[in-house]
Each structure stands twice: as structure tokens, then as C-alpha cells.
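Those protein sequence lines, which keep their order, are chains Z and L. Residues in the first sequence are numbered consecutively from 0, following numbering that gives the first Met the number 0. Residues in the second sequence are numbered consecutively from 0, following numbering that gives the first Met the number 0.
No lab work stands behind these hints, which were simulated from the structure alone. Certain hints may be false.
Put simply, identical chains are the same to the list, so a pair is met inside one copy or across any two.
[Claimed, not checked] Listed below are the simulated SDA-like cross-link pairs for lysine to any residue, each with C-alpha atoms no more than 25 angstroms apart in a straight line:
1. LYS210 / ALA129
2. LYS32 / CYS166
3. LYS33 / VAL181
4. LYS32 / PRO89
5. LYS210 / GLY29
6. LYS6 / GLY29
7. LYS248 / GLU109
8. LYS210 / ALA174
9. LYS281 / GLN259
10. LYS32 / THR250
Below, each chain spelled out in residue letters.
Number of protein chains: 2
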Amino acid sequence: MPEFELKAYLAQRKQLIDSALEDLFPIPSGLQKKVVEAARYSLFAGGKRLRPILCLAAADVAGGPIEPVIPAACALEMIHTYSLIHDDLPAMDNDDFRRGVPTNHKVFGEAIAVLAGDALLTEAFEFLAAGAGNGVPPDRVLEVIRIAVRASGYRGMIGGQMIDLECENRKVDLATVEYMHVHKTGALLSGSLEIGAILGGGDDPLLKAMKNYGHHLGLAFQITDDLLDVEGDATLMGKTPGSDQAKNKMTYPALLGVAQSREAAAEHVNRALEALESFDEKAEPLRAIAKYLLVRKA
Amino acid sequence: MPEFELKAYLAQRKQLIDSALEDLFPIPSGLQKKVVEAARYSLFAGGKRLRPILCLAAADVAGGPIEPVIPAACALEMIHTYSLIHDDLPAMDNDDFRRGVPTNHKVFGEAIAVLAGDALLTEAFEFLAAGAGNGVPPDRVLEVIRIAVRASGYRGMIGGQMIDLECENRKVDLATVEYMHVHKTGALLSGSLEIGAILGGGDDPLLKAMKNYGHHLGLAFQITDDLLDVEGDATLMGKTPGSDQAKNKMTYPALLGVAQSREAAAEHVNRALEALESFDEKAEPLRAIAKYLLVRKA
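Chain Z with its partners taken away, still in its complex shape:
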């Protein structure tokens, strides 16, 4: 089998998502337009579109057409973006830059940044509900909405951010750090895969496999992210390495050391690949994404 062309695949899918987001979320007229301008500023600030790409890839594994899945895939990027806007606020992580450009509140002010995040989260549910207009049975669409709530709410991502706040400046063990990441990042990654699988018409074993793959992918993603913060190249990353340490964040390298963190990442990538064992070449993009984490530079 020829090697899977991950770079071209990711570029093509990113373009698909970028252009769908452009269409789905236009700037309105009227005095309220600035909140959408602010939301779009962060939405188009250089995201890799990982969650939408995973969502579409899972729909591919399920064998469904991806067109009816695109609005939901976009919704996942909107949820991710809102969480970054709120996370960057002075009261939260107080970040001035993200991906090399000023954060939302640095450009639009805090009040509009709060509202822009709220608007992205709210609108995401319009696009999660949109599958019904594209031939997906409405009860499946409702299941997707419930999964999105659980992945992004207090049982998922928001819970993870709360755990992160609770752990700040506190000595915590590896299990707690992992518990935090599983909620903060893993839940929405897994949720994106599950949502793609459901909208693609996948059955229960496929859903379980996607959830399992997403769990390990999420942890491998976080560990390699932490490693980049220790070893990464500022230009490629668009942020300054060492910022985790400066903020006294509990990271895998801090808890395990660099060598053991690398091993842990490789182990999670292997587990992610195992979750895909029963699938044919349709799962090749997901395999390539997992393997890529071990060689990522940004």
C-alpha cells in the first residue's frame, strides 16, 4: 500500500471546513455585527481544524457521505474556538497571543470577547441541528446534540477547565493531570469522532472504537503538546516554549520527565491504532493522524 499522504489530506479537509465556516457564519447587518466580526476573527485565526477533520474522518469510516456532516463538523470548531476565546481572558489564562496573533480580547476588548464566545457556542447548536435538513434522521441528530453537550459542558471540556483551575498552583499527581486532560481536551476530540460516526450512519461497535481511539489520541496529543512546550521551536509553534513552566502548569514532562513522557505518548498512539484494527483503509487518515503526533513539530 502506498504511504498515506497526510499533509495533502489535512490541507484539503481544512480548506473544505474553512470554506463551509465562511458560508455558514456570515457577518450580519445592524448594530450587532461586531460580535460576529469578533467571533470570526478567532474562528479564522489559523486553527488546524483538527476536530472537524476527525469528525469527517469518522463519517468516512462509517461509510456515510460527508456532505451532511459538514455543518456539525463546523460546529465542533466553533465550540473549540469559543473555549479558546474564554480561556484566554484575563480572568482565566490571561494570554495576549495565540497562534502568533493577538487574542480576541486584546483586539475587541473583554466584553465583546465574552459575547463572541457565547455567540459561537450558541450558534454551534444551529449547525449541530442542521443534519436533519440533510437527510439524517432527526433522532440521530438529537443524539448528536446530546453528545456535543456532554463533550463540551461540565461533564467534558468545561469540567476540564474547572479541574485545571482547581489544580492551579497546587501539587497534583499524574492521575489528576490525566483526569483533567481527558475532560479538557479529550472529551471534545472523542465527541467529534462519535458525532461523525453517528452522522455517517455508524453502528455501536464503530462508535465505541471511535470513542476509544479519541481517548488515546487526546492523551497522546496532550503529552506531545507538553513536550513541544519544553523542546519546541517558537517560530513553528506561534507561541513561546517554556510558557507552561512559567505558569507553573503541571505537565507530563514535569511529572514524568521527557524520556518517559515520550514513551507514554508512543503507548497512547499504539492504543489509538489498536482501536482501529478492525477497520479497512477507510481508517487510514485516522491512523496517519495518530502516528503524526509522534513526529509533530507544532
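Dock chain L against chain Z, hints included.
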């Protein structure tokens, strides 16, 4: 016909909503529990439950049972509560008290207040989706979700808050103030009524009537709110009269004077009542609520 007992009706419905909210949104275990504690703090901080009550009242007019509507009614209160938490933040209105108790960020800090608002908004969509488990056809439930998005997102409430920010410390005309209120408050009130009507099985003319009633009720509500700020009793209101003026907010009394504002409120109440003309005694609660605005003391 004996006079409708509005006070007893509102108390009974409020109790129904309070107890449903208590059940639907329990405190989880784990390190993430504080975000739900914070959300519940504001959720149970003395709200009148106007949006859920309107939602259930519209379902009554539609002739449907109210039980399947209760989770969606609760969701509307959660959306309203999240908007208050975010609105009170230092970067927004910077309010230390609401309904006589400290605002969320004064108790839990700004970071948790942002997350608590986010959690309430996210979870609301779980309860809006819940109607499907209660016998409502799934496509009607999806329609409800879309209405909630439009009523609360940038096309509704969030848009209204953005317009409010844009108008701050600026001389604006009556049309602009009205445009702001129609979005900021009116959209979610109308949305609550539409959602109740849909979940109650109402037809298109009923939906239109509810929307129309909600539009005028919302404006009457806002005008009487502004009037209370000029003339109200601090003890009954749980906030200090005159705060609008102190903040340089554009209000109806500031634009029209007190006498003409009273006339405008009465006119909107009449229009709200006209929207209900074709309905029988099932619409009596909605009529009583509209009439009450003209004699409200808080």
C-alpha cells in the same frame, strides 16, 4: 368569569420549575463540581422564572400537556441565568449585586463565573433536546432548538447585548433603544412562548400569535422596568433605583418622559392582549401577566 388568581398561579408554576431545575441539574462529584455549584448559585438566586412560566403557559394555550415541556422551560431559565452571570462581569456591566445578593463573580471569582455561564448555556441544549424522550416528535424538538439558538444568539439576546455595548455613552434615538430591547430581552421572551407553543402541539397561527404577544410583552416589560428604576422601591426591587441614570443608560423615561412612557407601556399591553383575542380561557394566564406589568412594583 371570576378574576384570574395570578399570584397563586405564578407561585405554583415557579415551584414546579424550581423543583424541576433542582432535579435536572444536580451537583456532580469530582474536581469539576464547583462549576455546577456556581451555576446553581445563580440559578437559585431568586429568579421569577418568567421565561419558563411563559413557555408552559403557551403550551397550555396549545392544549398540550405541560409535563413534556418542563425540561425545555428549565432550559430557558438556564439561558436567561447564564446571560445575567456574563452580563454582571466586571468587563460588562460590573454589577456587585443582583436581586439583593452578590453576583456570581463576587462569590466565585471571574474565571468560575465565565465557566458557570458557559456550563448553563451548554446544558440548556440537553434539556431543549429532552422533549424527544417525552413523546414530542424529534423534528419538532429540532425546530425548538433552532428557535432557542435564534432567540438567544447573535440574532437575538447576544445581539441585543452587543447593541447595548455599541450604544453605551452615545446619544441614541428611541428606534435604536427599541431595536436593542427587542433583541436583548424580547427575543428570548418571544422564543420562550414559541417553544412552548410548538412543544404543546400548536399550529402556525398560534405560533404567530405567541410571537406577537411576546414582542409587545417584552417591550411593555422593558418600559415598566425602566419606569421602576425611576420610581421604584429599593426594598421591593432588590436593587437601587436610579442605577440606569447613574450608568448613563438610555431609558424610555429619559427619552420620552415618565407620562409618555406609561402610555407606551399601556399601548404595548393592549397590543399583547389583542394578539390573544382569538383564544379562550386557556390564554387567561398570559392575559393576566400582560395586565400585571402596568401595576408591577418589582
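To see whether the hints hold, each was checked on the structure:
In this homomeric assembly, LYS210 and ALA129 come within 25 angstroms of each other (Cα to Cα) both inside a single copy, at 23 angstroms, and across copies, at 23 angstroms. Within a single copy, LYS32 and CYS166 get their C-alpha atoms only as close as 38 angstroms, which misses the 25 angstroms cut-off; across copies the closest is 13 angstroms, which meets it. Taking the shortest Cα distances, LYS33 and VAL181 sit within 25 angstroms of each other only across copies (18 angstroms), while inside one copy they are farther apart (34 angstroms). In this assembly of identical chains, the alpha carbons of LYS32 and PRO89 lie at most 25 angstroms apart whether taken from the same copy (24 angstroms) or from different copies (23 angstroms).
In this assembly of identical chains, LYS210 and GLY29 lie within 25 angstroms of each other by CA distance solely across copies; the values are 21 angstroms between and 42 angstroms within a copy. For the identical chains of this complex, LYS6 and GLY29 are neighbours neither inside a copy (41 angstroms) nor across copies (40 angstroms), given an alpha-carbon limit of 25 angstroms. Taking identical chains as interchangeable, the C-alpha atoms of LYS248 and GLU109 lie at most 25 angstroms apart whether they share a chain (24 angstroms) or sit on different chains (20 angstroms). Proximity of LYS210 to ALA174 under the C-alpha cut-off of 25 angstroms is restricted to the intra-copy arrangement: shortest distance 20 angstroms within a copy versus 51 angstroms between copies.
In this homomeric assembly, LYS281 and GLN259 never come within 25 angstroms of each other (Cα to Cα): the closest approach is 32 angstroms inside a single copy and 69 angstroms across copies. Only between protomers do LYS32 and THR250 lie at most 25 angstroms apart by alpha-carbon distance; the minimum there is 23 angstroms, versus 40 angstroms within a single protomer.
Checked against the numbered hints above, the structure violates hints 6, 9; every other hint is satisfied.
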